[in-house]
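Novice: Start from chain S and add chains H, X, V, G and Z according to the hints.
Protein chains: 6
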Amino acid sequence: MPYVTIKMLAGRTDEQKRACVEKVTDAVVETTGASREKVVVFLEDMEKSEYAVGGVLFSDQA
Amino acid sequence: MPYVTIKMLAGRTDEQKRACVEKVTDAVVETTGASREKVVVFLEDMEKSEYAVGGVLFSDQA
Amino acid sequence: MPYVTIKMLAGRTDEQKRACVEKVTDAVVETTGASREKVVVFLEDMEKSEYAVGGVLFSDQA
Amino acid sequence: MPYVTIKMLAGRTDEQKRACVEKVTDAVVETTGASREKVVVFLEDMEKSEYAVGGVLFSDQA
Amino acid sequence: MPYVTIKMLAGRTDEQKRACVEKVTDAVVETTGASREKVVVFLEDMEKSEYAVGGVLFSDQA
Amino acid sequence: MPYVTIKMLAGRTDEQKRACVEKVTDAVVETTGASREKVVVFLEDMEKSEYAVGGVLFSDQA
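Chains as they are written, first to last, in the UniProt record's numbering: chain S, 1 to 62; chain H, 1 to 62; chain X, 1 to 62; chain V, 1 to 62; chain G, 1 to 62; chain Z, 1 to 62.
Extracted from the complex, chain S is given alone in its bound form (with noise of 0.2 Å):
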């Protein structure tokens, strides 16, 4: 506790990945109080297949 959920488009480098872990971890306990060991992050990739904005599925937009 607390449960962070990002969820971005495939195509992050596992050193974006990385990195973006341990600086969200880091805004979350200097915000709220919560102790690093408790913090966890779940990464979930889209594809553009799978992600639509105004009715269209990126893997269409031009």
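It should be emphasised that the hints constitute simulated quantities derived from the structure, not laboratory data.
These figures come from a predicted structure and were not determined experimentally.
Take these hints with a grain of salt, some might be off.
To be verified - Calculated pairs, DSSO-like style, for lysine-lysine (alpha carbon to alpha carbon, straight line, at most 30 Å):
(1) V/Lys23 x Z/Lys48
(2) Z/Lys38 x Z/Lys23
(3) H/Lys7 x H/Lys23
(4) G/Lys38 x S/Lys7
(5) H/Lys23 x H/Lys38
(6) G/Lys48 x X/Lys7
(7) G/Lys7 x Z/Lys7
(8) V/Lys7 x G/Lys23
(9) G/Lys48 x X/Lys23
(10) V/Lys7 x S/Lys38
(11) H/Lys38 x S/Lys7
(12) V/Lys23 x G/Lys38
(13) G/Lys48 x V/Lys48
(14) V/Lys48 x S/Lys23
(15) Z/Lys38 x Z/Lys7
(16) S/Lys48 x H/Lys7
(17) X/Lys23 x X/Lys7
(18) X/Lys38 x X/Lys7
(19) Z/Lys23 x X/Lys7
(20) X/Lys23 x X/Lys48
(21) S/Lys7 x X/Lys38
(22) X/Lys38 x G/Lys48
(23) X/Lys48 x H/Lys38
(24) V/Lys7 x V/Lys23
(25) X/Lys38 x X/Lys23
(26) H/Lys38 x G/Lys48
(27) G/Lys38 x H/Lys48
(28) H/Lys23 x H/Lys48
(29) S/Lys7 x H/Lys48
(30) V/Lys23 x V/Lys38
(31) S/Lys23 x V/Lys23
(32) S/Lys7 x S/Lys48
(33) G/Lys48 x G/Lys23
(34) Z/Lys48 x X/Lys7
(35) V/Lys48 x V/Lys7
(36) Z/Lys38 x H/Lys38
(37) Z/Lys48 x Z/Lys23
(38) S/Lys23 x S/Lys7
(39) X/Lys7 x V/Lys48
Specialist: Chains H, X, V, G and Z only, in chain S's frame:
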């Protein structure tokens, strides 16, 4: 806003997904007054080995 | 199956929610071939103090 | 109804997943009075590179 | 890890929720080999006005 | 995009939530290159009676 997530068994064609996202977005815009460009849709595929009803996985159902 | 989750800012009337659920179900049935009686819809209300874009809560936006 | 989602690190065998779904369904039926045929279970696999505790991805833990 | 989310119509007693969480945890530990102290369960109540099957909200079903 | 969900026990102040959303957004922008105005954060409060670790609800823990 709004954010719509549609979870289905895998196997729909790209054409079905495209139509689903478009028509669901139409329905949300028409009934809630949300701006079309703010409607977000996420599609999530489930495998038959990840989905159970009545305690039995779909991959095990006759 | 399918399972549809619709997350919106609170404030829609019961009439809007009823229409939204009905029309979204129509759209899913029409485009995916799912049986109408198997389409499940979950509505989730968000408060303005629980939703941020660009790092600012809606309750804090001018 | 009820809808149960079980998120675990990937790597369980089909036999473990089958048993997990069956026993969790038993537990829900026994304790809530829900009809067995209405209990839905979704399994979600996490990769070690998508899951962090304490700011460190599992794929980076010694 | 594992993380279990149980979504049900509101109305279960505290005693039912307590038993549900305990028995579901037992089932997960027994079938997956996870350590008991690592099993996390989230309960989520749904209102009848937020849940529809076949395009009709439960609050509207006869 | 990205979409961040932060699930925590209820009880944080508005000031803590405001800071959390801002700093988490900073962290995501800095590490993933996403545009700040595209980062969406959802906050979700859990009650102690809806959250269990090791099979025991937080509301029952000594």
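Novice: Against this structure, judge whether each hint is valid.
Specialist: Verification of the supplied hints:
With a C-alpha separation of about 25 Å, the suggested pairing of V/Lys23 with Z/Lys48 holds against the 30 Å cut-off. In summary, the hint linking Z/Lys38 to Z/Lys23 is supported, as the alpha carbons are separated by about 15 Å, within the 30 Å threshold. Of the pairs offered as hints, the one joining H/Lys7 and H/Lys23 holds, with about 16 Å between alpha carbons and a cut-off of 30 Å not exceeded. Distance restraint check for G/Lys38 and S/Lys7: the Cα-Cα separation of roughly 24 Å lies within the 30 Å cut-off, and the hinted pair is therefore satisfied.
For the suggested pair H/Lys23 and H/Lys38, the alpha carbons sit about 15 Å apart, so the restraint of at most 30 Å is met. Distance restraint check for G/Lys48 and X/Lys7: the Cα-Cα separation of roughly 16 Å lies within the 30 Å cut-off, and the hinted pair is therefore satisfied. For the suggested pair G/Lys7 and Z/Lys7, the alpha carbons sit about 15 Å apart, so the restraint of at most 30 Å is met. About 17 Å separates the Cα atoms of V/Lys7 and G/Lys23, which keeps this hinted pair within 30 Å; it holds.
Taken as a hint, the G/Lys48 and X/Lys23 pair is honoured in the structure, with Cα atoms around 18 Å apart against an allowance of 30 Å. With a CA separation close to 17 Å, the supplied pair V/Lys7 and S/Lys38 stays within the 30 Å bound. Only pairs whose Cα atoms come within 30 Å are accepted, and H/Lys38 paired with S/Lys7 is accepted, the gap being roughly 17 Å. A threshold of 30 Å between alpha carbons decides the hint, and for V/Lys23 with G/Lys38 the separation of about 18 Å falls inside it, so the pair holds.
A distance of roughly 37 Å separates the Cα atoms of G/Lys48 and V/Lys48; the hinted pair therefore is violated under the 30 Å criterion. For the hint pairing V/Lys48 with S/Lys23, the CA-to-CA distance comes to about 18 Å; that is within 30 Å, so the pair holds. For a cut-off of 30 Å, the pair hint linking Z/Lys38 to Z/Lys7 stands: about 20 Å separates their Cα positions. Between S/Lys48 and H/Lys7, the direct Cα distance comes to roughly 16 Å. Compliance with the 30 Å bound is thereby established for this hinted pair.
For the proposed pair X/Lys23 and X/Lys7, the alpha carbon gap of about 16 Å is at most 30 Å, so the pair holds. Only pairs whose Cα atoms come within 30 Å are accepted, and X/Lys38 paired with X/Lys7 is accepted, the gap being roughly 20 Å. A threshold of 30 Å between alpha carbons decides the hint, and for Z/Lys23 with X/Lys7 the separation of about 24 Å falls inside it, so the pair holds. Note on X/Lys23 and X/Lys48: the hinted pairing holds, with a Cα-Cα distance of about 26 Å set against a maximum of 30 Å.
Between the alpha carbons of S/Lys7 and X/Lys38 the distance comes to roughly 27 Å, so the proposed pair stays at or under 30 Å and holds. The suggested pairing of X/Lys38 with G/Lys48 holds, with an alpha-carbon distance near 17 Å, which does not exceed 30 Å. Distance restraint check for X/Lys48 and H/Lys38: the Cα-Cα separation of roughly 16 Å lies within the 30 Å cut-off, and the hinted pair is therefore satisfied. The straight-line distance between the Cα atoms of V/Lys7 and V/Lys23 is roughly 16 Å, inside the 30 Å bound, and the hint therefore holds.
For the hint linking X/Lys38 to X/Lys23, the alpha-carbon distance of about 15 Å falls within 30 Å, and the restraint holds. With a C-alpha separation of about 27 Å, the suggested pair H/Lys38 and G/Lys48 falls inside the 30 Å cut-off, and the hint holds. At most 30 Å may separate the alpha-carbon atoms for a hinted pair to count; G/Lys38 and H/Lys48 meet this at roughly 27 Å. A hinted pair counts as satisfied when its Cα atoms are at most 30 Å apart, and H/Lys23 with H/Lys48 qualifies at roughly 26 Å.
Restraint check for S/Lys7 and H/Lys48: the C-alpha separation of about 23 Å stays at or below 30 Å, so the hint holds. In summary, the hint linking V/Lys23 to V/Lys38 is supported, as the alpha carbons are separated by about 15 Å, within the 30 Å threshold. Note on S/Lys23 and V/Lys23: the hinted pairing is violated, with a Cα-Cα distance of about 39 Å set against a maximum of 30 Å. Distance check on the hinted pair: S/Lys7 and S/Lys48 sit about 12 Å apart at the alpha-carbon level, within 30 Å; holds.
Between G/Lys48 and G/Lys23 the CA atoms are separated by roughly 26 Å; this keeps the pair inside 30 Å, and the hint holds. Distance restraint check for Z/Lys48 and X/Lys7: the Cα-Cα separation of roughly 23 Å lies within the 30 Å cut-off, and the hinted pair is therefore satisfied. With a CA separation close to 12 Å, the supplied pair V/Lys48 and V/Lys7 stays within the 30 Å bound. The suggested pairing of Z/Lys38 with H/Lys38 holds, with an alpha-carbon distance near 11 Å, which does not exceed 30 Å.
Of the pairs offered as hints, the one joining Z/Lys48 and Z/Lys23 holds, with about 26 Å between alpha carbons and a cut-off of 30 Å not exceeded. In summary, the hint linking S/Lys23 to S/Lys7 is supported, as the alpha carbons are separated by about 16 Å, within the 30 Å threshold. The hinted pair formed by X/Lys7 and V/Lys48 meets the criterion: a straight-line CA distance of about 29 Å does not exceed 30 Å.
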